[in-house]
Amino acid sequence: NAGVMQNPRHLVRRRGQEARLRCSPMKGHSHVYWYRQLPEEGLKFMVYLQKENIIDESGMPKERFSAEFPKEGPSILRIQQVVRGDSAAYFCASSPRDGPRIHEQYFGPGTRLTVT
Amino acid sequence: GQNIDQPTEMTATEGAIVQINCTYQTSGFNGLFWYQQHAGEAPTFLSYNVLDGLEEKGRFSSFLSRSKGYSYLLLKELQMKDSASYLCAVRDNTDKLIFGTGTRLQVFP
Chain A
42 NAGVMQNPRH
52 LVRRRGQEAR
62 LRCSPMKGHS
72 HVYWYRQLPE
82 EGLKFMVYLQ
92 KENIIDESGM
102 PKERFSAEFP
112 KEGPSILRIQ
122 QVVRGDSAAY
132 FCASSPRDGP
142 RIHEQYFGPG
152 TRLTVT
Chain B
52 GQNIDQPTEM
62 TATEGAIVQI
72 NCTYQTSGFN
82 GLFWYQQHAG
92 EAPTFLSYNV
102 LDGLEEKGRF
112 SSFLSRSKGY
122 SYLLLKELQM
132 KDSASYLCAV
142 RDNTDKLIFG
152 TGTRLQVFP
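Residue numbers (my numbering), protein chains in the order written: chain A, 42 to 157; chain B, 52 to 160.
Since the hints were derived computationally from the structure, they do not count as laboratory data.
To give an idea of the interface, some chain B residues facing chain A are shown, with a C-beta separation under 8 Å as derived from the structure:
no., residue
1, Y99
2, K147
3, F150
4, T152
Footprint (simulated), chain A over chain B, 3 or more residues, beta carbon under 8 Å:
no., stretch
5, 80-94
6, 134-146
Computed from a predicted structure; not experimentally measured. Note that the Cβ used here is the ideal one computed from N, Cα and C, for glycine as well.
Model the full structure from these sequences, guided by the hints.
Put into structure tokens, the structure is as follows:
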């Protein structure tokens, strides 16, 4: 039973380019969360999605950032026109829709974005 | 506002016991989580408390007092591999996790 998968693991972009980060939740999980971790800081919530639905995007910057979780395929976090301050580790977590472990979020290995 | 406080760093000796404290003030409470994170890796789930009291799982235990907004993670029989960051997180009333900045634990031989 594969865990949460994220790709790429490392991504280098020049200022002004676009970054696309992918997350495939655990099998049977339909809730996806994205978090950002800046160097030497804690994890910060960005967005919570279910299939074809954004539940909570209160942690997303208003500009340049968007997220989706289509009916088929992985969840995508998209950052347009990246700036140096976007350099961080981006973690995806998933949780099941129901059952006794509904409260647990399982994290993927993260994508480390470096903006040069 | 949302506020979760935990010490930045702690040190301990192999074989000892260490307690990592966490205090929180959040809008809504649907449980408190502890995660372990080794440098450059993903957080891994350690424990979940939603009711007051102590939850024990092997060498690790977690305690919660909702009235005091307080939790601790207790690690017994410390091993070198326990050197990591320990993250306290509260699940708020919209199901997202609010994380503290983490406590970096160093275990010395």
